Amino acid sequence: MSHYFATCPKGMEYLLRDELVAIGASDVREALAGVHFSGTLETAYKACLWSRLASRILLPLAEFDAADDDALYGGVQAIDWSQHLAAHATFAVDAGTALSKLTHSQFIGLRTKDAVVDQFRQRDGSRPGIDTDEPDIRINVRVRRDRATLSLDLAGSPLHRRGWREEQGEAPLKENLAAAMLLRARWPEVYAAGGALLDPMCGSGTLLIEGALMAADVAPGLRREYFGFLGWQQHDIVLWRGLLDEAKQRAETGLRGLRSVFFGSDADPRMVQTAKRNAQQAGVAGFFTLDKQDVTHAAPPPGVDYGLVITNPPYGERLGDRAEMPKLYRAVGDTLRNRFSGWRAAVLAGDVELGRAMQLHADKRYALYNGALETVLLTFDLKQRDEKPREPKPLSAGAQMLKNRLEKNVKHLRKRLVREDIHCWRAYDQDLPEYAAAIDVYGDTSGNDHLHIQEYRAPADIPPDVARLRLREIARVAGEVLGVPRERIALKTRERGKGGSKYGQLDQRNEFIEVEEGGLKFLVNLTDYLDTGLFLDHRLVRAKVRELAEGRCFLNLFAYTATASVHAAAGGALETTSVDLSATYLEWASRNLALNGFSGASHRLMQFDALEFLQRDRGHYGLIFVDPPTFSNSKRAEDFDVQRDHVKLLEACNERLTRDGVIVFSNNFRRFKLEHEALEQHFEIEDWTTPSIPFDFARRADIHGCWLLRRRKADPGINPWDTARIKR
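Numbering (my numbering), first residue to last: 1 to 728.
Since the hints were derived computationally from the structure, they do not count as laboratory data. Among the clues, some could well be false.
Ranges between beta-carbon positions, derived for each pair [claimed, not checked]:
hint, residue 1, residue 2, range
1, Glu63, Lys292, 52 to 60 Å
2, Val238, Thr132, 35 to 43 Å
3, Gly194, Thr296, 24 to 32 Å
4, Arg277, Arg250, 21 to 29 Å
5, Thr296, Glu63, 40 to 48 Å
6, Asp133, Glu547, 56 to 64 Å
7, Glu547, Asp305, 24 to 32 Å
8, Lys276, Asp124, 50 to 58 Å
9, Arg144, Glu353, 43 to 51 Å
10, Gly242, Thr289, 31 to 39 Å
11, Val238, Glu516, 53 to 61 Å
27 Å max Cα-Cα, derived DSSO-like pairs, lysine-lysine [stated by the list, open to error]:
hint, residue 1, residue 2
12, Lys174, Lys383
13, Lys292, Lys327
14, Lys327, Lys521
15, Lys713, Lys648
16, Lys292, Lys174
17, Lys113, Lys101
18, Lys673, Lys648
19, Lys292, Lys276
20, Lys101, Lys174
21, Lys411, Lys174
22, Lys292, Lys248
23, Lys276, Lys174
24, Lys113, Lys364
25, Lys393, Lys383
26, Lys248, Lys10
27, Lys411, Lys393
28, Lys364, Lys327
29, Lys403, Lys393
30, Lys673, Lys713
31, Lys327, Lys393
Keep in mind that this is a model prediction, so the values were computed, not measured. Cβ coordinates follow ideal geometry from the N, Cα and C atoms, glycine included.
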């Protein structure tokens, strides 16, 4: 068994993970822009041949310190390259770097090349050649935080190059992004149910061709003539030919049974001809109907009453005029609404604003990257117009009590929510012990409310089946009272098992909604994680951070999605530094900062354990926000217990604090006791818990604690800095 890493565009990690599991990979876990997995050489070959989503399949060979060019050179030379590359063969190097002393990827690539060539020369005087197009092996080297990872690229060239594309338009859709769109739109289910596939702006035909190959069980790599392992010294040609033969047999069987249900059109006749040629090259032209037609004239083909409409309109970035784009998207929405009742639809919009222009309610939203452009995939169930809603069953007596209570809560809160322009708030928090859940409302920037319902542990005397029934009643009542349809309600349940009650496995949809708080925008995910990305009970804490931030350098420890950093930046912080151990959350944090116009060197994102960062960092900060978890037992850092370790943590913060600086310290451990005696040696402490609890959390006044810590004037510490306004 070997370890591999499959790269992919951001937003496709969870789909790729599921695909690799289906291929037969083990130890599969997603990362940012890729998926780690284990398997045999056969598993890696299958990934190259069958993955519709991956960009490259990397086989790591070594990981080593590379703080300078000599260390990089030595690490590369430590590998016996004769096991991978013949002396007369060719190779190429792809290099990248981040957060390292070696800052130039071209230099890293050249130094790696020299190390490989020199090893052959020193051994027998031979010298392998360089071929940047189709080398016998392609070496991938990435240096991050002065640590190099060196891998073989088994794909050789990006796997989205399927081998069928003869021509393309001005802004082509990559094949693996097209596959992700089709999977998110549930095309395999639609085809299995007898449905058709229609693209009214088909361009060069990518979506239709990928959809046909997917339906016919044709391996996406079957037409590729080049892979990065074909010239590799350890290539198993017998194994590879066996896999190719099997794939060819499956393709023949699948194409024999493929239905002619693929329909495309485009306003540009040149694109229609391009799509026809590409479909011919892919071997599926006989199943296609392609016409010149404007999107406003698109309609279900004669005799076809169900299917998936999927399309990738221009965004106004590379094609078309941005000012004209909303008009185009409105036309797409009108066409879908008026002519495709009963169908499914999926549209890759350039951004949320263009998606809104369609004036259709999306049942799902997915963030996907088209090259460097972040886009949003919107999927729709276009309901039949004459579809009559089912008569709901009468509410039980308990559910009616819940409804009365929730209506009372909403009436009590609504005026103040409107007056203070609050869009994300708590509507219910186990007000009735029998209905043990919290109901949070997240209003998105398009004006739609979403509900996040999180189950608490039910009383011990309530049977599990009764608790499940009551949770369903909570979802129904909340939807009715707050006017939110079921598809916009996220329900997080606890499963009963050995050792007591615990949260079950969460979803992994990668769906984000954009919400607003204090005039700032944040991305929230209601389904994939235990928390949503925005702690509602900390609304006033974030406002306090914003109030204190002006003219100060701001440090955010345990930064999570950096919502506090966004508030600090909006409050006039000179710079922000956000520290978290999770790459996933730092990526999310980056998007939150960018969403509000905060990017560049003044807004650092650091992947560190908080205590380790404080020990290494030499900066000084006028405002430090510390909101640690109750417990943490990450494999990448020492175990953390907020009760046990908070004094050590805050004393370490003190060494990075300017003389007139402030630490805002909070946590959600309800039995937490601040060690006043130990901390008062260094700090003047203000208990700010009561003012920090929002009015909609009044029932849970102990939901968190919050303290403001300032240096005692008599305590010189070791910090020579005299003002919060001095930059590092």
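Taking the hints in turn, this is what the structure says about them:
| no. | hint | in the structure |
| --- | --- | --- |
| 1 | Glu63 - Lys292: 52 to 60 Å | holds (54 Å) |
| 2 | Val238 - Thr132: 35 to 43 Å | violated (30 Å) |
| 3 | Gly194 - Thr296: 24 to 32 Å | holds (27 Å) |
| 4 | Arg277 - Arg250: 21 to 29 Å | holds (25 Å) |
| 5 | Thr296 - Glu63: 40 to 48 Å | violated (55 Å) |
| 6 | Asp133 - Glu547: 56 to 64 Å | holds (58 Å) |
| 7 | Glu547 - Asp305: 24 to 32 Å | violated (59 Å) |
| 8 | Lys276 - Asp124: 50 to 58 Å | holds (54 Å) |
| 9 | Arg144 - Glu353: 43 to 51 Å | violated (34 Å) |
| 10 | Gly242 - Thr289: 31 to 39 Å | holds (37 Å) |
| 11 | Val238 - Glu516: 53 to 61 Å | holds (60 Å) |
| 12 | Lys174 - Lys383 | violated (30 Å) |
| 13 | Lys292 - Lys327 | holds (20 Å) |
| 14 | Lys327 - Lys521 | holds (25 Å) |
| 15 | Lys713 - Lys648 | holds (20 Å) |
| 16 | Lys292 - Lys174 | holds (23 Å) |
| 17 | Lys113 - Lys101 | holds (19 Å) |
| 18 | Lys673 - Lys648 | holds (14 Å) |
| 19 | Lys292 - Lys276 | holds (12 Å) |
| 20 | Lys101 - Lys174 | violated (34 Å) |
| 21 | Lys411 - Lys174 | violated (50 Å) |
| 22 | Lys292 - Lys248 | violated (33 Å) |
| 23 | Lys276 - Lys174 | holds (17 Å) |
| 24 | Lys113 - Lys364 | violated (46 Å) |
| 25 | Lys393 - Lys383 | holds (22 Å) |
| 26 | Lys248 - Lys10 | violated (31 Å) |
| 27 | Lys411 - Lys393 | holds (25 Å) |
| 28 | Lys364 - Lys327 | holds (23 Å) |
| 29 | Lys403 - Lys393 | holds (14 Å) |
| 30 | Lys673 - Lys713 | holds (25 Å) |
| 31 | Lys327 - Lys393 | violated (42 Å) |
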